[in-house]
Amino acid sequence: MAGSVGIGGLIIGVSLLVVFSMAVQTMSYQMETSIEVLDAAADPLPSYAIADASLLEGAILSVTVTGTGLGSGVVDGTLVANGGVGLGGFSATFTVSSGEIDTNSVVITSHGSYSTLPTSITVSGQGTLNPAPTFTFTTGNIFYANLTNTGDMTIKTDDVWLFFDGESPTKFSSVHRDGWAQNQATPPFASGNWYVGETVDLILPNPPSLTTRFAVTSEGYIAAEAI
Amino acid sequence: MADGGASTFIMLITGLLISSSVSALLITEWSSTAKVAQVQQRGAQLDSELDIEFAGDPMMVDFDDSTLPETITFYIENSGLHPMDESKMTVVVDGVEPTSVSVSLVGTPTPTSWVPNELAMIVVEYNPASGYSDGDDVALYAIATSEVIGGLSSSASMSIEVRLS
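Note that the protein sequences, when read in sequence, are chains F and V.
Everything in the first sequence is counted per the working numbering, starting at 954 for the first residue and increasing by one.
Everything in the second sequence is counted per the working numbering, starting at 99 for the first residue and increasing by one.
One chain only, chain F, in its complex shape (with noise of 0.2 Å):
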């Protein structure tokens, strides 16, 4: 009698040591798969694209009136870049305000690329100007690039870094603005978010030094393109 109640007991309990040591395997397999489920589905990556990347030497990066024309006759019209050498293609507009050009209006259209910069920017096109109307401008090197969101997600350009010829490291937040094209004036920061699908146009006068490569990296993620 004694026996196998001893017997039953031994059996009894290991089965509770066998149930027991199952069911803390289990435990600690079903710990690891959801923490594996929950980090992939909670990290999504970025994917982006560059769509071109260009360095212009030698362009015109602000254009200011110093003589406004006022009784010259002058009226609302472009301005022309004289003596440059290389690509060319510097132009811009101007608006005329009480008979002289405003001198809040000159927008830049295009900067244009020289091996030798321009001596003087003119007015196009109206003859001889008396007193004609004067303009300084300052010269130096841009750098555009398009960038397309291509992944599922939302990023954060606080979360992008630039990287000219794998170098001088950048924030996209710190150099991304809106508006460089249409205006002179320093325009704000653009939105920090980077939407799914959106192109965003990075104009950067004056880059850190570039000559080959311009890569852009986020979380493991790296896009390039040779310049």
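It is worth saying that the hints were derived from the structure and are not from the lab.
Virtual Cβ for every residue (Gly too), placed ideally from N, Cα, C.
Take these hints with a grain of salt, some might be off.
Facing chain F, a subset of chain V residues (Cβ under 10 Å, in silico) [as the list claims (entries may be wrong)]: (1) Ile-116; (2) Ser-117; (3) Glu-127; (4) Thr-131; (5) Asp-149; (6) Phe-152; (7) Asp-160; (8) Tyr-173; (9) Thr-188; (10) Thr-206; (11) Pro-214; (12) Leu-217.
Capping the alpha-carbon separation at 30 Å, the derived lysine-lysine pairs in DSSO-like fashion look like this [unchecked claim]: (13) Lys-1124(F) to Lys-186(V); (14) Lys-1109(F) to Lys-186(V); (15) Lys-1124(F) to Lys-1109(F).
Fit chain V to the known structure of chain F by using the hints.
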């Protein structure tokens, strides 16, 4: 008969005592196991929330062999959710430890800790010369340790093949 009843009673009491002891032991062990499992869970969760990634252009990793020590300079992003300890980083190039490695954080103003989405600049030095030259492809491996978070710390690593330029 009376003897049989007494022995059965003794066996019953003994069985109850043993089963009570085993139950108490199992409950205690289960509690310990649950605590360990909780710590393991937090550790596993922390593991999943730590990550570092190469940042930059893998085709253009700066290599300067103009003077000794030669240097390889590259960048690593903290792409996890917690601060990492940049002072506890190990870097291996082609499976070999370089002469020395220095790590600094990138940004203006310079970050005081390596928080998520910030970069660390890694400068690997060789003296004597490494034998590398521009255009060589090398395998970079780095492992970094996190700051202590909730009493726990873990590590994250990255590896990538890059071209020196």
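- Should the hint that Leu-217(V) touches chain F count as held when the rule is a Cβ pair under 10 Å? Nearest chain F Cβ about 5 Å off; hint holds.
- Would the stated hint for Pro-214(V) survive a check requiring a Cβ distance to chain F of less than 10 Å? With a minimum Cβ separation of about 8 Å from chain F (threshold 10 Å), the hint on Pro-214(V) holds.
- With a cut-off of 10 Å, does the beta carbon of Thr-188(V) approach a beta carbon of chain F closely enough for the hint to hold? This interface hint is violated because 19 Å lies over the 10 Å limit.
- Task: For the hint on Tyr-173(V), just tell me whether its beta-carbon gets within less than 10 Å of chain F.
- Result: holds, 6 Å
- Query: Does Asp-160(V) pass the interface check with chain F, least Cβ-Cβ distance below 10 Å?
  - Reply: Check passed: Cβ of Asp-160(V) comes within 6 Å of chain F, closer than 10 Å.
- Query: Is the hint on Asp-149(V) kept, meaning its closest Cβ partner in chain F is under 10 Å away?
  - Reply: Holds: closest Cβ of chain F sits about 8 Å from Asp-149(V), inside 10 Å.
- Query: Is the straight-line distance between the alpha-carbon of Lys-1124(F) and that of Lys-1109(F) 30 Å or less?
  - Reply: Holds, at about 11 Å.
- Task: Could you check if Glu-127(V) really has its C-beta closer than 10 Å to a C-beta on chain F?
- Result: holds, 8 Å
- Message: Check whether the Cα positions of Lys-1124(F) and Lys-186(V) lie no farther apart than 30 Å.
- Response: holds, 25 Å
- Message: Let's test the interface hint: is any C-beta of chain F closer than 10 Å to that of Ser-117(V)?
- Response: Nearest chain F Cβ about 7 Å off; hint holds.
- Message: Quick check on Ile-116(V) please, does its C-beta sit within 10 Å of some C-beta on chain F?
- Response: Holds - the Cβ of Ile-116(V) comes within 10 Å of chain F, reaching about 7 Å at its closest.
- Item | Hinted contact Phe-152(V) with chain F - closest CB pair below 10 Å | holds, 7 Å
The structure is inconsistent with hint 9 alone, although it conforms to all the rest.
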